[in-house]
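Keeping their order, the protein sequence lines are chains F and B. So for the first sequence, the working numbering puts the first residue at 1; every next one is plus one. So for the second sequence, the working numbering puts the first residue at 1; every next one is plus one.
A few of these clues could be false.
No distinction is drawn between identical chains; accordingly, a pair holds when it is met within one copy or between any pair of copies.
Think about it this way: if two alpha-carbon atoms lie no more than 30 Å apart in a straight line, the pair counts; the simulated DSSO-like pairs of lysine-lysine are [stated by the list, open to error]:
no.	residue 1	residue 2
1	LYS211	LYS170
2	LYS196	LYS170
3	LYS31	LYS8
4	LYS59	LYS31
5	LYS158	LYS181
6	LYS190	LYS170
7	LYS194	LYS170
8	LYS211	LYS225
9	LYS181	LYS194
10	LYS8	LYS168
11	LYS196	LYS211
12	LYS194	LYS8
Hints listed in this document are in silico derivations from the structure and should not be mistaken for laboratory results.
Take a look at the letters that make up each chain.
There are 2 protein chains.
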Amino acid sequence: MIDQQKTKQPQITLVGAGPGDAELITLKAVKALNTADVVLYDALVNEELLAYAPTWAVKVYVGKRSGDHTHSQETINKLMVDYAINYGHVVRLKGGDPFVFGRGFEELEYAASFNIPAQVIPGISSSIGVPELQHIPVTHRGLSESFWVVTGTTAEGKISPDLYDAAKSKATVVVLMGIHKLAEIADIFKNEGKGKLPVAVIQSGSTSNEKVAIDVVDNIVVTVKESNITSPALIILGEVVSLHSQFQAIREFYDFVDTK
Amino acid sequence: MIDQQKTKQPQITLVGAGPGDAELITLKAVKALNTADVVLYDALVNEELLAYAPTWAVKVYVGKRSGDHTHSQETINKLMVDYAINYGHVVRLKGGDPFVFGRGFEELEYAASFNIPAQVIPGISSSIGVPELQHIPVTHRGLSESFWVVTGTTAEGKISPDLYDAAKSKATVVVLMGIHKLAEIADIFKNEGKGKLPVAVIQSGSTSNEKVAIDVVDNIVVTVKESNITSPALIILGEVVSLHSQFQAIREFYDFVDTK
Chain F
1 MIDQQKTKQP QITLVGAGPG DAELITLKAV KALNTADVVL YDALVNEELL AYAPTWAVKV
61 YVGKRSGDHT HSQETINKLM VDYAINYGHV VRLKGGDPFV FGRGFEELEY AASFNIPAQV
121 IPGISSSIGV PELQHIPVTH RGLSESFWVV TGTTAEGKIS PDLYDAAKSK ATVVVLMGIH
181 KLAEIADIFK NEGKGKLPVA VIQSGSTSNE KVAIDVVDNI VVTVKESNIT SPALIILGEV
241 VSLHSQFQAI REFYDFVDTK
Chain B
1 MIDQQKTKQP QITLVGAGPG DAELITLKAV KALNTADVVL YDALVNEELL AYAPTWAVKV
61 YVGKRSGDHT HSQETINKLM VDYAINYGHV VRLKGGDPFV FGRGFEELEY AASFNIPAQV
121 IPGISSSIGV PELQHIPVTH RGLSESFWVV TGTTAEGKIS PDLYDAAKSK ATVVVLMGIH
181 KLAEIADIFK NEGKGKLPVA VIQSGSTSNE KVAIDVVDNI VVTVKESNIT SPALIILGEV
241 VSLHSQFQAI REFYDFVDTK
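With the rest of the complex left out, here is chain F:
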């Protein structure tokens, strides 16, 4: 006879780990980790967070390799359900917020197709939090009444067509996963006559590896190269970037060039 007390119910919790700083996770997320039997975690998750799971919990790295996205997502879905059925509570720990380009909903749907109870705990999205830690607000009276978050890498590996519309808009534009297409993205804004729009590129925001490059659209590719900024990084374009402490010097430089 099976000992009912010891048979754990399958359960899945998608958890947002935030942008990288281990303290930028919620209390609710920590509570979920405390009761995890298994943690499946992504590449951009701070591994210090695994210490919130019981020592005996299974911890599995499921970071995707680029170029092999489709297979990996299927593998993750299957692992998640297999572990839930065999071990009990699976915490699926994802960088940033699970529903911002995180394919989190697909994981919820997959769990539901096996009738496994699943919930989601929001995390601090890099799209807002990373510029914020650099004291760049996505909205600010007189400068921006909205912000538009776009992916630089769609399912087909391309810049989202939405970015062309975003470049025409008055919104602050945040591009996630777009650093490898920075030159192309800058061109889209230049084509809208926005070569002088302030832009910031922030690598590994909120962590000890954080780097920031600030300039106008016309010159951002050069500045980012000089700063040795690489992935993971986000791009924020808009007048709000002019509020950054480094921007005043840049403005004075361009004013000087303009009046020569």
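Starting from the known structure of chain F, fit chain B onto it as the hints suggest.
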């Protein structure tokens, strides 16, 4: 002679309290509260969070009254600086995220003008987290490659002009502070031929008072009225809303009406 050990340095920390659920606050925010001498908190902040501040800390409610915004923001700025100079560490506890229509940057600037060190700790923004808790993702492969967050109440008390552009876009559109203008917002989308676009209105997301109304743009005003939904509430418009468990029945109803 002044006892230097007891003279506290003025310091200000803007803290995002998240959407309402007391567990949706970060560990970093709790740490800031633990060392607060004063907490200035807004109307939409869960008061349970005040328990993280020392019992002897001063707790001041600074929720704004509608119709008196400008004066109130000035008063808050002054209170914040006065308390920092006289008491030490002021935590400015704000609903959601301090930089999403929160006027947080203005508070940072004001602190800087008095040379008071100030930092900001991001919070879970309702714009992403509240739909997420209803299992509505702001992005989803095949349905949305971007999301656009707009205010329904600008400094002049109007709908942001950005919303007219947002209604033309393929982005998921999230409107904060727009519930009192729902009919006007619905009209903007109808004028773009989007009367059948799925929309959700969520009141007091993440709290025990949470209410949700789901329909298409053409009918959302009636449905919200029937659901007795009031402020605070957010509006999310886009195909991603069709992923909500209640939407299938709505789709079937409209398909039925269409084929009659």
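Hint by hint, here is what the structure shows:
Proximity of LYS211 to LYS170 under the C-alpha cut-off of 30 Å is restricted to the intra-copy arrangement: shortest distance 27 Å within a copy versus 32 Å between copies. With identical chains, the CA atoms of LYS196 and LYS170 are at most 30 Å apart both within one copy (14 Å) and between copies (26 Å). In this assembly of identical chains, LYS31 and LYS8 lie within 30 Å of each other by CA distance solely inside one copy; the values are 18 Å within and 34 Å between copies. Within a single copy, LYS59 and LYS31 get their C-alpha atoms as close as 16 Å, and across copies as close as 27 Å, so both meet the 30 Å cut-off.
When the C-alpha separation of LYS158 and LYS181 is checked against a cutoff of 30 Å, the pair qualifies only within one copy, where the shortest distance is 9 Å, while the shortest distance between copies is 37 Å. Proximity of LYS190 and LYS170 under a CA criterion of 30 Å is satisfied in both settings, with 15 Å inside one chain copy and 22 Å between copies. In this assembly of identical chains, the alpha carbons of LYS194 and LYS170 lie at most 30 Å apart whether taken from the same copy (11 Å) or from different copies (22 Å). In the homo-oligomer, the alpha carbons of LYS211 and LYS225 lie at most 30 Å apart inside one protomer (12 Å), although the nearest pairing across protomers, at 49 Å, exceeds that limit.
For the identical chains of this complex, LYS181 and LYS194 are intra-copy neighbours only, at 17 Å inside a copy versus 32 Å across copies, given an alpha-carbon limit of 30 Å. Taking identical chains as interchangeable, the C-alpha atoms of LYS8 and LYS168 are never at most 30 Å apart, the minima being 53 Å within one chain and 49 Å between chains. Only within a single protomer do LYS196 and LYS211 lie at most 30 Å apart by alpha-carbon distance; the minimum there is 22 Å, versus 44 Å between protomers. With identical chains, the CA atoms of LYS194 and LYS8 are never at most 30 Å apart, being 57 Å at best within one copy and 47 Å at best between copies.
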